[in-house]
Amino acid sequence: MPAQIFHDSDADRAFRAGWASRRIVIYGILLIWAVICLFPIYWTITTSFKAAPDVMKGNLIPWVDFVPKWLGLRSLGLSPETITAESTVRDEFLKRFWNSAIVSVGSSSIAVILGSCAAYGLSRFSFRFGFMKNSDISFFFLSQLILPPVVLALPFLVLYKELALLDSRVGLIALYSLTVLPIVIWIMRDQFGSIPVELEEAALVDGQSIWGAFLTIVLPIALPGMVAAFIISLVLTWNEYFFAALLTSSHAKTLPVMVASQTGSQGIAWWSMAALSLAAILPLIIIGIILERFIIKGMAAGAVK
Amino acid sequence: MSSAEGEYLHVVTADHVSEQRRRTGRLLIWGSASLLGAVILAQILNHYEFADLGFSNWRPTLYAYLFWATCLCISQILLHGERGKRTLFILPAVLFVVSMVVFPLIFAVGIAFSNWNLSSPDGRQFNGLENLRQMWVDDFYWNALKNMVWYTLAIAVEYAIAFGLALLLNAQIRARKFFRIAFLMPLMLSPVAVSWMIGKSMLEIRFGPVARLARQLGWDTPSFFGSPEIARLTIMVMDAWTFIPFMMIMILAGLQAIPKELHEAAEVDGAPAWKRFWEITFPLMLPVSVTAILIRIIFKLKLADIIINVTAGGPGGATDSVTSFIFREYRDRSNVGYGTLLAIFYLVLIVIALTVLMKLAERWMKPRY
Chain A
1 MPAQIFHDSD ADRAFRAGWA SRRIVIYGIL LIWAVICLFP IYWTITTSFK AAPDVMKGNL
61 IPWVDFVPKW LGLRSLGLSP ETITAESTVR DEFLKRFWNS AIVSVGSSSI AVILGSCAAY
121 GLSRFSFRFG FMKNSDISFF FLSQLILPPV VLALPFLVLY KELALLDSRV GLIALYSLTV
181 LPIVIWIMRD QFGSIPVELE EAALVDGQSI WGAFLTIVLP IALPGMVAAF IISLVLTWNE
241 YFFAALLTSS HAKTLPVMVA SQTGSQGIAW WSMAALSLAA ILPLIIIGII LERFIIKGMA
301 AGAVK
Chain B
1 MSSAEGEYLH VVTADHVSEQ RRRTGRLLIW GSASLLGAVI LAQILNHYEF ADLGFSNWRP
61 TLYAYLFWAT CLCISQILLH GERGKRTLFI LPAVLFVVSM VVFPLIFAVG IAFSNWNLSS
121 PDGRQFNGLE NLRQMWVDDF YWNALKNMVW YTLAIAVEYA IAFGLALLLN AQIRARKFFR
181 IAFLMPLMLS PVAVSWMIGK SMLEIRFGPV ARLARQLGWD TPSFFGSPEI ARLTIMVMDA
241 WTFIPFMMIM ILAGLQAIPK ELHEAAEVDG APAWKRFWEI TFPLMLPVSV TAILIRIIFK
301 LKLADIIINV TAGGPGGATD SVTSFIFREY RDRSNVGYGT LLAIFYLVLI VIALTVLMKL
361 AERWMKPRY
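Chains as they are written, first to last, in the working numbering: chain A, 1 to 305; chain B, 1 to 369.
Isolated chain A, as found in the complex (with noise of 0.2 Å):
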């Protein structure tokens, strides 16, 4: 066997060893920031098929530490063999849980359309009300993003009261449009911005009106951006409370108002409590799960230019 010619120097192999090292750390980060993201829900998960020795022994583990039973599913009436009985607690819920899913998807629609119409027009055409010009106009828009929600809620309180429309799922998703339209119009003037001018050009010169034009030609390339805004809208609204515990009472009182309203009254029945969270989260999780590109790439608009 002929002897090794080549050999790596020295500072070649502290360099592999330098560079092992480095990758541990970096994974063992990763890693641990994963585990702080992740373990809330997996207690969470978990602490829904719990009795309550098992909670206070602090058990973990699923079939290792304990057995799991279906507490938490029960008592919101959706385990296995409470599923097909009559159930109160699961009706309230259910009711709740379509309140959200109504508000949300609803405001979230209304202001996708409105917030793509309006930042269509600003990024196409010059406009001129008065004083204000283009760059005010979107000012305008944007600064709504301030606007903290306790300035609007009592008022919002107060003029309800007087139009009826308390406790109105209506008068949320009014509300909650108005919250969100600031961020899909800053997603969506980033979205068409990046579309060229000349495909509208082409389309009006084939003799397309300015409307069909957009709906036609520019929407469905921009579609991603809609979806985007359309999906971080539906978070926001899907998980607001401030509103809804102001303006609700029972008829349209939303999933997150339900979950507040339980943390106190029901004591020690964690898993019940575990339940209704993890309820209040899973559209999302699982919204995130799949949708995540859009997420971020709705996040990242007007970060990079």
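Don't read these hints as lab results, they were simulated from the structure.
Note that the Cβ used here is the ideal one computed from N, Cα and C, for glycine as well.
Errors might be hidden in some of the hints.
To be verified - If you anchor each label on the Cβ, the simulated ranges turn out as follows:
no. : chain 1 : residue 1 : chain 2 : residue 2 : range
1   : A       : D136      : B       : R215      : 54 to 64 Å
2   : B       : T70       : A       : L223      : 26 to 36 Å
3   : A       : E92       : B       : F282      : 46 to 56 Å
4   : B       : F299      : A       : P224      : 21 to 31 Å
5   : A       : D91       : B       : S56       : 29 to 39 Å
6   : B       : V137      : A       : P224      : 48 to 58 Å
7   : B       : D332      : A       : D136      : 39 to 49 Å
8   : B       : R363      : A       : K57       : 51 to 61 Å
9   : A       : K57       : B       : W364      : 48 to 58 Å
10  : B       : V109      : A       : F131      : 17 to 27 Å
11  : A       : D136      : B       : P228      : 42 to 52 Å
Stated by the list, open to error - In the DSS-like style, the derived pairs of lysine-lysine whose C-alpha atoms are separated by at most 25 Å in a straight line are:
no. : chain 1 : residue 1 : chain 2 : residue 2
12  : A       : K69       : A       : K57
13  : A       : K133      : B       : K85
14  : B       : K146      : B       : K302
15  : B       : K200      : A       : K69
16  : B       : K302      : B       : K359
17  : B       : K260      : B       : K275
18  : B       : K260      : B       : K177
19  : B       : K146      : B       : K359
20  : A       : K161      : A       : K95
21  : B       : K302      : B       : K200
22  : B       : K260      : A       : K57
23  : A       : K133      : B       : K359
Claimed, not checked - Far from chain A by the CB rule (all over 10 Å, computed), these chain B residues:
no. : residue
24  : S120
25  : A182
26  : T221
27  : D269
28  : K359
Based on these hints, arrange chain B on the given structure of chain A.
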């Protein structure tokens, strides 16, 4: 904030609008406006009991307003032709925002200078500057404002962590998608659910896993909401946990937009990693960082859900944010007037602070070479 003003679409159209059509348009606007006026007048008469017209609420005014808004939109096309069609892109959104923000804000200013207990039958009573005087001596409100300053300062730490995580995610790693989804998760969770999941169960002093961990690490009597400082810190950590992903993703997007050649060139020149970061990455990331921090500040100023649900401002108002304070103020005394004044004062402070901050950021970001 930056503006994304691309090229405008220049359209030349023969806007010939016949006199007949123009007249229809004007008729539509003024007709519906006078209908709105008539409805408002009738409702006011009814409200002050000059005439009993049988209105139980102000809904008719709302419908008349919606009708007027629709007519205004339609008549844009009638009056201005093609130009009207272009106006129609932004007019609905403008009308929506104006009626939902500007009108209630004016209304809010009116409420702010009155004593209005919603549960008392007296109704609204104008009391001039009485609310302002009350605010001046309300220690809890000033304490809440002071807390907001602390909460806002915590963003610096959040930013550092988010930047570090973004750098790691931008490195050559496997399972990047898994880590990205995992890191994104906290942002998707409802703050109310988080309040229970973390604040009430994981931080529970006896059985909570975090308390258990703390005991193992040598903190014998862990208490996360006992002393004011620790309670405030706990709230900061929980809020940071939710919002770090947001900053992280914005910074990650910025990092990915930096051309690789810059790093390669610096590496070839023998610049050590630390120096590469401070001299290349960090300066290039300044605009993105400023945007991310500004948006984060705006969101931080709305902080309330977690506080309302975990500590309710306690112990002794140490964790109160302005929003949660006003929320409780309303819940406890149902005084709309005083709460609104506090909120408007807060808004004024925010607008001043953010304007100064944006001006500073603009000056700071200006290229110096």
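Taking the hints in turn, this is what the structure says about them:
no.: 1; hint: A:D136 to B:R215: 54 to 64 Å; result: holds, 58 Å
no.: 2; hint: B:T70 to A:L223: 26 to 36 Å; result: holds, 28 Å
no.: 3; hint: A:E92 to B:F282: 46 to 56 Å; result: holds, 52 Å
no.: 4; hint: B:F299 to A:P224: 21 to 31 Å; result: holds, 24 Å
no.: 5; hint: A:D91 to B:S56: 29 to 39 Å; result: holds, 30 Å
no.: 6; hint: B:V137 to A:P224: 48 to 58 Å; result: holds, 54 Å
no.: 7; hint: B:D332 to A:D136: 39 to 49 Å; result: holds, 41 Å
no.: 8; hint: B:R363 to A:K57: 51 to 61 Å; result: holds, 58 Å
no.: 9; hint: A:K57 to B:W364: 48 to 58 Å; result: holds, 54 Å
no.: 10; hint: B:V109 to A:F131: 17 to 27 Å; result: holds, 22 Å
no.: 11; hint: A:D136 to B:P228: 42 to 52 Å; result: holds, 44 Å
no.: 12; hint: A:K69 to A:K57; result: holds, 16 Å
no.: 13; hint: A:K133 to B:K85; result: holds, 18 Å
no.: 14; hint: B:K146 to B:K302; result: holds, 15 Å
no.: 15; hint: B:K200 to A:K69; result: holds, 22 Å
no.: 16; hint: B:K302 to B:K359; result: holds, 22 Å
no.: 17; hint: B:K260 to B:K275; result: holds, 16 Å
no.: 18; hint: B:K260 to B:K177; result: holds, 21 Å
no.: 19; hint: B:K146 to B:K359; result: holds, 23 Å
no.: 20; hint: A:K161 to A:K95; result: holds, 23 Å
no.: 21; hint: B:K302 to B:K200; result: holds, 21 Å
no.: 22; hint: B:K260 to A:K57; result: violated, 52 Å
no.: 23; hint: A:K133 to B:K359; result: holds, 21 Å
no.: 24; hint: S120; result: holds, 14 Å
no.: 25; hint: A182; result: violated, 4 Å
no.: 26; hint: T221; result: holds, 17 Å
no.: 27; hint: D269; result: holds, 18 Å
no.: 28; hint: K359; result: holds, 14 Å
The earlier numbered hints that this structure contradicts are 22 and 25.
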